[in-house]
Amino acid sequence: MTDALCTSGILVKEVRVYNFRSLKQVSIELDRVNILIGENNSGKTSFLDAIHTAIGFGRRSITQDDIFLDIGERSTPRDREVIIDILIRPVDRIGNVVDVFPEGSFWIELWGNGISQDDSDDDFVGIRTRGFWNEERREFSTERQFLQSWSKDPDKLEDSRVKEVAGTVSTRQLEPMALYLMDAKRDIQDEIYKKGSFWNKLVSDFDLTDEEVSLLEEKLLNLNDEISGKCQVLQHVQGFLSDIDKTISCERGSIKIDPIPRSIRNLSKGSDINFATLGAQSFPLSKHGMGTRSLAVLLTFRAYMTWQQGNLSENRIHPFLGLEEPESHLHPQAQRALFKQTEEIPGQCIVSTHSPYIASQAKIAQFRHFRKEQSQTIVTQIDTSSLSGEDIRKIDRMVMNTRGDLLYARGIVLFEGETEEQALPEFGRQYFGLLPNALGLSFIGVGGAGNYLPFLRLASSFSIPWYIFSDAEQDPLRKLSSALNQVGISDYSSESNIIVLNSEQNFESYLIDENYDDAIKSMLDSFHNMQDFLGDYKTRMHGQRKKRNVIRDYQCPNGDRNALMDILSEGKTQYGLPLAQSILNLTDQSRRFPGKIKQLLDKIADDLSLSRSSEV
Amino acid sequence: MKISLSETQARIVNFGEGALLVVAGPGAGKTRVLTERIRRLLSEGEGHFRVLALTFTNKAANEMRDRLIEFPNIHERAFIGTLHSFCLEVLSNRGKAVGIDRRPNILESNQDRKQLLLEAVLKDPFLFDHLENCQDAKQKNRKLGEWLGAIDKAKKNLMPPEAIEEPIHREVYELYDQSLRASNSIDFDDLLMLTYKLFTDRPKIADFYRRQYRYICVDEAQDLNEAQYQVIKALCGDSYRNVMMVGDPKQAIFGWTGADPKYLDLFLQDFQAQKIELKVNFRSSNSVVSTARMLFSSFRSDIVFPVEGEIGLLSAQNEKHEAEIILETLVKLNENGHPEIEEKDLSFRDFAILGRTRYVLSAIEKELQDARIPFYKQLSIQEESESDLLKDFELCLKLLVNPQDRFHLNILRNRWKVRPDLDIDKTTYTHSSNLVSELCKHSASHGSHIWNAIQAMRWNPQSHNCQFRSALDVLDNYADSKVREEEKALIMHDTQLWRKHWDVFLRSQKGGNCSLSSFLSQVAMGTTQQSKQEGVALLTVHSAKGLEFKVVFIPGMTEGTFPDYRATTGEALDEERRNLFVAITRARRVLYFSYPQSKMMPWGDTRSQQPSSFLRELRLV
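Quick note, the sequences are listed as chains A and B, same order. First residue of the first sequence: 1, per the numbering used here; consecutive thereafter. First residue of the second sequence: 1, per the numbering used here; consecutive thereafter.
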């Protein structure tokens, strides 16, 4: 995080939502930058809407339709209430929580008795938004109150109590930290015409002196006269409109058409942004594509916030942005740039995204992963409390920067080497009859058994089902065990999502030991377009030295096996895919999926309820 | 009307950081200086902060609020109220650390407190014996009074039960506190003691209030007692110094509550405060000022008031006669005016009759009644419902907001003769309205009507929108159905009183927060009382504090009454002198003393009376 991006002195640290749409009970801790990920319909939009309903700019009241409906329920019980609790803490300029709002702080004056102190007497502000059926008015009511206590445990809602002395939370008390929600449909075109938009907030006051205004308005008047004088159409219309005085009493000759607004204030309503790409003619932004228009909205927000902050001697505003799918209509490169721009807006943001490009720009700690279990949304984030800074950096570097897509996977298959990376997806394609990618399965070679841990941490934090297909040589097994230990698995042999080859085998030797040498030989022959590649190789290479100065011996009883192993290990990158294809082309259907591979794919199919292709 | 400030006044208004003691005599424009200073601080101070303005009475708080009403967001920028109401707010907000969960109930009436104490000690066999050994009910009552007095004294000195040496008093004190807490209640002194404990035990909480309130102003500081002074000190901690106290040692008349003007000197030392004296009187005529100076030679005004005024002495044969001549004088002045009073048209509001005790005023009250002259008594005493219906309704409201209130529950059970077999204590009620509804069902009398009224209120624990007026409408309708005119009138009178309370409460609430519990505690704190009253003021000197009138009568100026016969020590006599000083300085133009030459004793004898030694000192006899 670059420094001084929390100049407002506050952060919304936690949001708890009860009974709002699909969110039966969700508690999410927030930082300065937060990225919501998860499948479609997993509750991300509901969550953003919940905060917006509670403390958003242009928020609306809670209605019956917002109430959580459980499976099998036709209508909501009358006593079910929507509750949205927001926890605000004072922070320093780089966003670390501090004990107290400093003396003279804007927020102390704004919230006054609304500020509470927790059991360690540290300051916090809790704001509860409650939507409930109001028997008295026979309608849904929305009420906002300060909280006296903030329960440590989100399950103990009754421990978070409202404080009566502080009364209800007023608009004035919310506005300086209100959430600006930009949904996926944002468009600069609407912004310019919508009342109360950032655009209009920004440009409605040109901040000119009275003299400047009257000087400019005089020029405008002259321009109007000049245009009207030269334009016959206008005179024609004006003549007809002057007949108004025949029906309505008004002074004769008082009808006048101004082709352009006469007052500076109205001028902004006709503002437009012209934008020219390099070497092209400039034309209004409204005629550009959706990508540019949607981007322009975000940039306007940024302009608004920086203008606000720049104009006030101190911070009386906490920019709080909810941004849905910033990737819409944007080129990958632009998505990356956009995220960086969003991150640099001083203040706080919550971004929901499906874009791996954006994910790869972010830090692991910024993610909040949404998923649905039955009708309920579950949200998880990585628990960084037990991780060192190096552990976190490792995840960011090894996983996030290269495999951002992994966060969106339905399942992850991890293994060490390159042969598997090419072969396993091919087995998967035949098994499911679809590319594994299309099914949301990611096959990831971690590049050595020592590298499992960051992937495991990430997958288990976000509850993404994961599978390991591991060699059984001593060294990799030791490393695998140690990684598993750190995510709380002491004995891999009892875990059905961890497939380990037989003792001392690796992927290649496993296939040979399972008698797939025929498939390997025919693959080699067709790959090299030869009759007997193995025979040729044996004669060519026998007696020569290989790595670690070992002399090749292909004339011993195990000569064929030794030679095949050497061939495969020397040409790992090229043989993976053809090898799989060759096995999958075997005439004996029962041999097409080697046992361990079948075991893996069966398990995945069962866990994720995937249908198998007819060939299996 | 904008009168420019005098140079000294301006110095106070413009005083910046640090502690300041303002010694301001009567009529020196104290309230004005206070409000102007608050206005200046709020409009000129940099950064964001609030001001804490503590007054001695709710009336003074209302007056200050009225003067600042124009200031934008004054409700959010300043807390203006009594120290007790500030403490209530602190405890409601942060009281958890001292065992106060949510807004506590305040047991304000002494009679209720005595009853609670009685119930508490009866449960203790040892104390029960102690009380049974008393000869008669009167002695028993006196014993209870003595115990309550000991508790009050301890609390006013911030002493918890453990700090009390006398074993019986300690025991009684402990039991009393336990019963209070069992009902989620506290008494007035607890407000201070618990806040003091909170601020000392949890310095970060005091720190929060220091961060919130950059400046503190304390009015009538000569009437601070130990507990009040210590609460302010605990709030300020070691380094906070932005406290301004305004007071006048010559007007210290609340010694019997433990108040002592010595806290002004302590403040000077503890806070290293600067001292500014306001030696002017903008209120009273020359004769009133010189009369007051005869009591305190140090009292003087730097400006000479252009009106001479009048001082008079009325001597009467007995109390009845005294009342008659006061009334005669009053009516004449009211009709014809007075040459020393600028305005020709006087109204009854311009007159006050100030007694050393309430007893002095009884004959005059009767005369006023007979002559049908409008008057009012008492500004500070809680007005109570007189009809049984409203008394019971109020008890039900208390139970509604605080179902743990065993104390009022027992009173209600007793009043309604609820069958003893209805075991309410053992029944758990998830919702307090269930409890009240159950009680109403078992009431032999008007319980069902009270329950209807409560339902009309549409109350629920979270609601900030209590329909209190609807409840009163229901009660009025019920009253209408009554045959006996007297009963009807009594109920209507009570509901009107409650309507007034509710209106004042609504006006004082910001952000539409009109919850029942905060209403009831405001009523208990006395903040909903109407400050403006019509007619002649018939007040004790103590309750006339801070007020001013064009014409003041001070009757009962006999030895034994003023000074009070109980004032035997030099210290007590000093307080009597200050009492008289306060009484005199309430007068703007004209001041009459009077005394009866004889008095009828309660047992029928007539006693001849000596004019007060003060009258001699004032060279009036």
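Take these hints with a grain of salt, some might be off.
With a cut-off of at most 25 angstroms between alpha-carbon atoms, the simulated DSS-like pairs for lysine-lysine come out as follows [to be verified]:
| hint | chain 1 | residue 1 | chain 2 | residue 2 |
| --- | --- | --- | --- | --- |
| 1 | B | LYS377 | B | LYS482 |
| 2 | B | LYS599 | B | LYS377 |
| 3 | B | LYS262 | B | LYS233 |
| 4 | A | LYS372 | A | LYS479 |
| 5 | A | LYS479 | A | LYS547 |
| 6 | B | LYS233 | A | LYS156 |
| 7 | A | LYS219 | A | LYS256 |
| 8 | A | LYS340 | A | LYS394 |
| 9 | A | LYS13 | B | LYS204 |
| 10 | B | LYS366 | B | LYS320 |
| 11 | B | LYS320 | A | LYS152 |
| 12 | A | LYS538 | A | LYS521 |
| 13 | A | LYS13 | B | LYS262 |
| 14 | A | LYS24 | A | LYS372 |
| 15 | A | LYS152 | B | LYS233 |
A partial selection of chain A residues facing chain B, derived with a Cβ cut-off under 7 angstroms [what the hints assert, rightly or not]:
| hint | residue |
| --- | --- |
| 16 | GLU103 |
| 17 | PHE106 |
| 18 | GLU109 |
| 19 | ASN113 |
| 20 | ASP121 |
| 21 | GLU136 |
| 22 | GLU164 |
| 23 | VAL165 |
| 24 | GLY535 |
| 25 | LEU584 |
Hint data in this document are derived by calculation from the structure and do not stem from the laboratory. We put the beta carbon where it would ideally sit given N, CA and C, even for glycine.
Right, here's what the structure says about each hint:
1. B:LYS377 - B:LYS482: violated (30 angstroms)
2. B:LYS599 - B:LYS377: Roughly 23 angstroms between the alpha carbons, so the hint for B:LYS599 and B:LYS377 holds.
3. B:LYS262 - B:LYS233: Status holds; Cα separation ~15 angstroms.
4. A:LYS372 - A:LYS479: Not OK: A:LYS372 and A:LYS479 at ~33 angstroms, beyond 25 angstroms, violated.
5. A:LYS479 - A:LYS547: holds (23 angstroms)
6. B:LYS233 - A:LYS156: The given pair, whose Cα atoms are some 38 angstroms apart, is violated under the 25 angstroms limit.
7. A:LYS219 - A:LYS256: OK: A:LYS219 and A:LYS256 at ~17 angstroms, within 25 angstroms.
8. A:LYS340 - A:LYS394: Answer holds: A:LYS340 to A:LYS394 is near 21 angstroms, not above 25 angstroms.
9. A:LYS13 - B:LYS204: Between A:LYS13 and B:LYS204 the Cα gap is close to 22 angstroms, so the pair holds against 25 angstroms.
10. B:LYS366 - B:LYS320: holds (9 angstroms)
11. B:LYS320 - A:LYS152: Answer violated: B:LYS320 to A:LYS152 is near 71 angstroms, above 25 angstroms.
12. A:LYS538 - A:LYS521: holds (13 angstroms)
13. A:LYS13 - B:LYS262: violated (49 angstroms)
14. A:LYS24 - A:LYS372: Judged against 25 angstroms, a Cα distance of about 11 angstroms means the pair holds.
15. A:LYS152 - B:LYS233: violated (34 angstroms)
16. GLU103: holds (4 angstroms)
17. PHE106: holds (5 angstroms)
18. GLU109: With Cβ-Cβ at 4 angstroms, under 7 angstroms, it holds.
19. ASN113: holds (6 angstroms)
20. ASP121: This hint holds: A:ASP121 lies near chain B, its Cβ roughly 4 angstroms from the closest one there, short of 7 angstroms.
21. GLU136: holds (5 angstroms)
22. GLU164: Status holds, d = 6 angstroms.
23. VAL165: This hint holds: A:VAL165 lies near chain B, its Cβ roughly 4 angstroms from the closest one there, short of 7 angstroms.
24. GLY535: Status violated, d = 85 angstroms.
25. LEU584: violated (66 angstroms)
Violated hints for the displayed structure, listed by number in ascending order: 1, 4, 6, 11, 13, 15, 24 and 25.
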